[in-house]
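Novice: Sequence:
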Amino acid sequence: MEQSILTEIKNAAKKSLKARHNELADTHRQMDILNGDLFADGELPYFKDKIAQTGQFPLKPRKLEILQINVGYMCNQVCEHCHVDAGPDRKEIMTRETMEQCLEVIRNTGAHTLDLTGGAPEMNPDFRWFVEEASKAGIRDFIVRSNLTIILANKKYHDLPDFFKKHNVHVVSSMPHYTRNKTDKQRGDGVFDKSIQALQALNKVGYGMPDSDLRLDLVYNPSGAFLPGDQTALEHDFKKALKEDFDIDFHNLFAITNLPISRFLDYLLASDNYEDYMYSLVEAFNPSAVANVMCTNTISVSWDGWLYDCDFNQMLDLKVASKVKHIKDYNEEVLNDRNIVISQHCYGCTAGAGSSCQGTVA
1 MEQSILTEIK NAAKKSLKAR HNELADTHRQ MDILNGDLFA DGELPYFKDK IAQTGQFPLK
61 PRKLEILQIN VGYMCNQVCE HCHVDAGPDR KEIMTRETME QCLEVIRNTG AHTLDLTGGA
121 PEMNPDFRWF VEEASKAGIR DFIVRSNLTI ILANKKYHDL PDFFKKHNVH VVSSMPHYTR
181 NKTDKQRGDG VFDKSIQALQ ALNKVGYGMP DSDLRLDLVY NPSGAFLPGD QTALEHDFKK
241 ALKEDFDIDF HNLFAITNLP ISRFLDYLLA SDNYEDYMYS LVEAFNPSAV ANVMCTNTIS
301 VSWDGWLYDC DFNQMLDLKV ASKVKHIKDY NEEVLNDRNI VISQHCYGCT AGAGSSCQGT
361 VA
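Take 1 as the starting number for the sequence shown in the UniProt record's numbering and just add one per residue.
Fair warning: there could be bad hints in the mix.
As the list claims (entries may be wrong) - Have a look at the derived ranges for each label pair, beta carbon to beta carbon:
hint: 1; residue 1: R29; residue 2: D230; range: 32 to 38 Å
hint: 2; residue 1: H28; residue 2: D329; range: 24 to 30 Å
hint: 3; residue 1: A25; residue 2: G229; range: 27 to 33 Å
hint: 4; residue 1: G206; residue 2: E332; range: 32 to 38 Å
hint: 5; residue 1: R62; residue 2: N181; range: 37 to 43 Å
hint: 6; residue 1: N181; residue 2: L269; range: 22 to 28 Å
hint: 7; residue 1: A52; residue 2: W306; range: 23 to 29 Å
hint: 8; residue 1: K165; residue 2: R62; range: 31 to 37 Å
hint: 9; residue 1: D37; residue 2: R96; range: 41 to 47 Å
hint: 10; residue 1: D41; residue 2: K14; range: 23 to 29 Å
hint: 11; residue 1: R96; residue 2: E43; range: 47 to 53 Å
hint: 12; residue 1: G55; residue 2: K328; range: 19 to 25 Å
Stated by the list, open to error - Cut-off 27 Å, straight-line C-alpha distance, at most; resulting in silico cross-link-like pairs (DSSO-like, lysine-lysine):
hint: 13; residue 1: K60; residue 2: K165
hint: 14; residue 1: K165; residue 2: K48
hint: 15; residue 1: K14; residue 2: K63
hint: 16; residue 1: K63; residue 2: K319
hint: 17; residue 1: K91; residue 2: K325
hint: 18; residue 1: K182; residue 2: K14
hint: 19; residue 1: K155; residue 2: K165
hint: 20; residue 1: K63; residue 2: K18
In short, the hints are calculated from the structure, not lab data. The structure presented is a predicted model; accordingly, all values stated were derived computationally and were not measured. C-beta: ideal position from N, C-alpha, C; glycine also.
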């Protein structure tokens with residue numbers, strides 16, 4: 001039953017939810033579902049009430065460490081579980097003017113990590129210029145989140161491994177599984193083989209090698225309505241399989257829980273898994289994970305410069321609860337004196353060992 005639904009969703013998802021005029025392209029509709037009967041009727045506790053029980057409400061930021069910038073929703077893939085609803089039909093792209101505003105903040109912020117994401121961030125026409133300018137700012141860890149297949153998508157991207165190496169970029173790459181079937185099921189036919197070729201190209205210039213400072217990390221997220229397994233065990237399995245089958249090396253694996261928003265929410269509803277999944281998240285709630293969720297040390301910047309507590313809040317259009325809401329008005333002191341905006345999707349970051357863009361947190 002679930003496999004047939006997956007096939008239907010896969011066939012439908014050649015375009016983004018927005019391009020298909022799907023009701024879930026409206027963030028208000030997503031919030032209506034997240035705040036719906038399952039919680040409104042008291043069947044499950046609201047996230048704010050859950051963390052209040054452990055004395056962790058309101059959730060407050062700690063020292064800013066990570067500035068995560070989404071440079072656009074355009075992507076060469078249309079993945080089933082994409083929380084950004086990215087795709088070739090998404091035209092939202094950060095302008096150079098907004099990038100200049102980000103650069104000003106990068107030069108003056110206390111953050112030590114710059115995290116560029118998308119869509120496929122490499123598809124922004126000013127991506128290379130931005131990387132070159134940002135690399136001069138002395139950021140300690142400069143991350144680019146790549147879907148890997150972009151390296152092979154067009155000849156103008158073929159030199160990305162060398163470009164990343166030149167600027168000592170930390171490459172964090174999506175890799176749903178070490179098998180072809182599970183990867184292609186989630187990300188599209190042919191994605192696995194292209195990802196393998198891209199990883200081999202990164203290895204060739206030194207990325208991911210055991211003694212290399214060129215960091216290459218992979219990101220795993222489940223292909224269905226279940227939580228990820230143990231991150232350490234998964235990393236061991238990935239390393240063993242990719243080394244034996246393709247002679248590929250990488251440094252770390254980050255296991256990330258799928259949050260019930262955007263395309264994954266669409267999948268949960270279509271497969272009649274929404275209630276069970278929400279129960280799984282609530283039952284796996286770990287108060288120890290709350291203290292280290294990424295919204296406590298991260299500011300997320302959207303393609304048009306608005307500020308959010310995290311990338312997931314960005315996709316639900318839940319802007320920061322602060323007088324400072326846009327990158328042009330950035331003031332770290334004012335931003336640090338805010339409450340973090342939360343809702344029921346936050347259970348995804350606090351289930352089990354916790355989840356963030358850097359993997360488990362507890």
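Novice: Which earlier hints turn out false for this structure, listed by number in ascending order?
Specialist: 10, 12, 13, 14, 15 and 20
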